[in-house]
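Asker: Generate coordinates for the entire structure from the input sequences, incorporating the hints supplied.
Protein chains in written order, with this note's numbering: chain A, 550 to 853; chain B, 11 to 197.
Calculated from the structure, these hints are not laboratory results.
For clarity, every value in this text was computed on a predicted model and none was experimentally measured.
Don't be surprised by glycine CBs; every beta carbon is placed ideally from N, CA and C.
One or more of the hints may lead you astray.
[Stated by the list, open to error] One side of the interface only, derived from the structure: several residues of chain A facing chain B at Cβ under 8 angstroms:
#	residue
1	LEU569
2	ARG591
3	VAL594
So the chains spell out like this:
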Amino acid sequence: MVPVSIQVRQALSKLVLPVLLLMSVGIIIAGQADRPLADRARMRVADVLAPLWGLLSRTQTDSQRFVHGIQEARNLAEENHRLIAENANLRRWYDVAVSLARENDALKTELHWVPEPTPAFVTGRVVADSGGIYARAVLLVAGTTSGVQAGNIALASSGLAGRVTEVGAHAARILLITDIASRLPVELESSHAAAIMVGDNSPLPRLLYYSQDTRPIEGERVVTSDQAGAFPSGIPIGSVHYLHPGQPVVQPFARLDRLTMLRVFDFGQSEIEPPEAPGHVPLTRPHRALTLPFKTLLGPGQEG
Amino acid sequence: MSDPHQPRWEHDTGTQLTSRQRLDRTARHLLPSVFTALVIIFFSGPLTVPGAAELLPAIVINTIFFWSVWRPSGMPSLAVFLLGLFMDLVGFTPLGVSAFILLLVHGIGSYARFGLMRMNFLVVWCLFGLVGAAAAALQWALACLFRLHLLDPAPAFFEALLCIGVYPLLSATFSWFLHILDEKDAP
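Answerer: Structure below.
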């Protein structure tokens, strides 16, 4: 070390501050003149400090989670009380349901009720339909190999979606209830009045041909009707809504614009044949030759 | 004014100092700078604390002012310069601006220290308030100058207020700390 006198050292120490001030001014000017250099220096410092900051932010999130956990624990007692009350309520309803089911069973036994067959169903994934003759139809990845047949009924999770119109080996086309070609017999649930639901390619199919003395009521549930034998009765479709006075439409329960999965039910409806009656002309079925019951039209003993 | 000079002189004569004592002294001298550096790293990190961007310069200005007045050996000019440069590098102020401002604060503190040390706490607080407000205003003015665009003065105002408001808390903490150090030194 260079030996310097105390006076010189004092003078030097007084000079340090002005020199540093001048240096900082110089750095300001240099930083303004050469911005990329300043940015590179910044990035290098940030690179070195990044692990530290990562540690900091992780500690922060951990502590926040800890505080959140404590708050959750404080709410736990309250939540527990609520759940206990709800559980008691639900248990009461469970008892009610069990007793109602027993009563229902007993009444059905009294009436010699013929049980309805449990319908078989297959579930398939919906893939978008790009072609075809229908505007509102979807393609389902489930075909005849899975047991799907034309005329089966496709249900979304919350309501009726449509009917199977064409089947391939591995795919089925489903005509949605919003398509312009779709006309379904429906029933208004509260009045049990019949109507026809007509699709018009809009998201809300219209209700037509309802009797004028039982008009659809706003918000009324619309379910399928078993008239014409195409559907079993009581499948939920949607609720009535009036777009304009005198123009009721159905708001479908199923979200038909974003279908992902559909269940295809085979209710075995096509096998129900009405018993033949005198004067009754049965419906033409494609797989059956037309056999008119002329014999029954003739009087007994006149044949031959 | 020979205070920064003192340790060196002592070191020359006090050859009997053990290495442990020397280490202790070095640590004591470095402590304020290290504290400030840690504060800078902490507050420039990804914090969700509201107003962290304004709180950082406020705390740094406070720390530098306090140590410049009460114990300049703990806050030499070179350390102030390096801290300011570091703050510029991790922050988004133009390079060198913080160093310049902090050096000015340090210069004012160490120039007026003998006057300030005799004064009442409230008076010192008021004077520091002026210094802090001037520092915030200078920072705002320099930022405007380098962007060539009149910036919103609200953050600078907020920073000045934080600077003034945080002073009693930090001052009390540092005074307590100095007291402990001196007590440890005495026996």
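Asker: Each hint should be assessed against the structure and marked as holding or not.
Answerer: Here is how each hint holds up against the structure:
no.	hint	verdict
1	LEU569	holds, 5 angstroms
2	ARG591	holds, 5 angstroms
3	VAL594	holds, 4 angstroms
Consistency note: the structure conflicts with none of the earlier hints.
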